[in-house]
Amino acid sequence: MKKLLKVLLVVLIAFGLVACNNNGGNSGNQGGDEPVTVAGFEGLEDLIAAAKEEGELVVYGSCEEVYLAAACEHFEELFGIKVQYQRLSTGEVQAKVEEEKGNPSADVWFGGTTDPYNIVAKEGLLEPYAANHASHLMGDAYKDAGNNWHGIYKGILGFMVNKDELARLGVDAPKDWADLTDPKYQGLIWLSNYKTAGTAKLVINTMIQKYGHDEGIQYLVDLDKNVQVYTKSGSGPSKNVGTGECVVGIGFLHDGITQIVDNGYKNIELIIPSSGTSFEVGATAIFKGCAHPNAAKLWIEYALSPECVELAAQNESYQFLVIDNAKQPELATEFGLDPNNVMDYDFEDAKNNTDKYIEEVMTALGGGDDRFKTE
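So the sequence shown is numbered by my numbering: it starts at 1 and just counts up by one.
Don't read these hints as lab results, they were simulated from the structure. It should be emphasised that the depicted structure is a prediction, and the values quoted were computed from it without experimental measurement. There may be inaccurate statements among the hints.
To be verified - Restricting the straight-line Cα-Cα distance to at most 20 Å, the calculated cross-link-like pairs of lysine to aspartate or glutamate (EDC-like) are: (1) Lys163 with Asp262; (2) Lys356 with Asp346; (3) Lys210 with Asp179; (4) Lys356 with Asp214; (5) Lys288 with Glu98; (6) Lys288 with Glu56; (7) Lys373 with Glu359; (8) Lys225 with Asp182; (9) Lys122 with Glu100.
Make the full structure from the sequences, and use the hints.
The structure is reproduced here in structure tokens:
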């Protein structure tokens with residue numbers, strides 16, 4: 001009888017093991033040799049398999065860290081690929097990849113305005129990739145013509161002001177770009193550093209395109225007289241408006257929404273310049289010579305999917321999205337932002353001349369001072 005019970009126990013265990021093997025894991029792989037399928041990534045099974053074979057990915061992120069972390073963690077969950085990430089301003093990433101000269105320490109770049117992307121693309125430091133999911137981009141303006149980068153969001157440039165501090169000082173809020181050069185704003189304005197922040201590079205290009213070359217540079221010289229601080233990151237001014245340390249901040253208005261909604265600074269007012277403003281296209285790209293090329297390509301497909309971009313509004317980032325199958329953040333519209341109410345920004349001029357314009361501005365400012373130090 002005992003021998004019979006042992007035989008029955010062995011049979012039951014064997015059936016249990018077979019059942020477990022047939023159920024498979026949570027990766028979506030229903031058999032050892034069958035391709036992994038992830039919803040929304042159909043047709044990319046071979047790429048997913050090759051990326052999983054590489055097993056890891058290194059990301060430099062120039063969006064805000066909360067969103068960067070969420071995006072990287074979700075990529076790990078979806079594909080079982082280990083992700084390391086570091087948050088750096090776009091200028092810091094540009095300097096890093098230029099120094100590494102085609103032997104990058106990261107695989108992909110995620111977030112941040114495209115002017116620095118265009119500079120390194122021109123230098124041959126980005127790897128072109130024609131992404132399948134690029135078919136969902138809302139227009140040609142949201143990707144590089146040579147597929148060096150693809151857009152993921154759109155941000156509106158403007159002003160953020162501390163209403164309480166302006167009232168205490170008896171100063172009206174600026175309504176337009178020209179107002180910012182008024183002496184009454186001396187020592188009240190914060191802007192990001194032209195050397196380190198893509199936001200500041202966009203400001204240079206915007207002023208040159210708006211006023212003309214010489215007049216645009218002169219505007220920035222006049223503006224400098226009122227700037228108290230140049231921050232390393234483009235979002236730096238927005239993070240100091242609510243506390244009153246910065247009274248008038250120049251930057252992307254979605255960063256101001258973050259301070260109002262997520263950090264509770266109801267004393268912040270968002271201002272869209274009355275004569276018009278420009279916008280950023282936040283991008284993603286592959287570094288040429290990266291160590292994990294298949295995982296990098298899979299990242300681009302992921303970054304152009306609702307799985308990734310809809311995480312932004314869930315993680316303190318309220319930019320407009322530029323793919324047609326994703327849900328737009330409702331808060332951006334509720335705060336009066338309009339993705340179409342922007343000037344016709346000349347990306348080609350910015351691509352060809354940003355470095356030259358930065359040098360010209362810094363020369364016009366007398367080489368800058370301690371406010372422009374990058375370390």
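Verification of the hints:
With a C-alpha separation of about 18 Å, the suggested pairing of Lys163 with Asp262 holds against the 20 Å cut-off. A hinted pair counts as satisfied when its Cα atoms are at most 20 Å apart, and Lys356 with Asp346 qualifies at roughly 16 Å. At most 20 Å may separate the alpha-carbon atoms for a hinted pair to count; Lys210 and Asp179 meet this at roughly 15 Å. This hinted pair checks out: Lys356 and Asp214 have alpha carbons roughly 13 Å apart, not beyond 20 Å.
About 11 Å separates the Cα atoms of Lys288 and Glu98, which keeps this hinted pair within 20 Å; it holds. For the hint linking Lys288 to Glu56, the alpha-carbon distance of about 17 Å falls within 20 Å, and the restraint holds. Proposed proximity of Lys373 and Glu359 is supported: the alpha carbons are some 15 Å apart, at most 20 Å. For the hint pairing Lys225 with Asp182, the CA-to-CA distance comes to about 9 Å; that is within 20 Å, so the pair holds.
Between Lys122 and Glu100, the direct Cα distance comes to roughly 16 Å. Compliance with the 20 Å bound is thereby established for this hinted pair.
Hint check: no violations occur; every hint is consistent with the structure.
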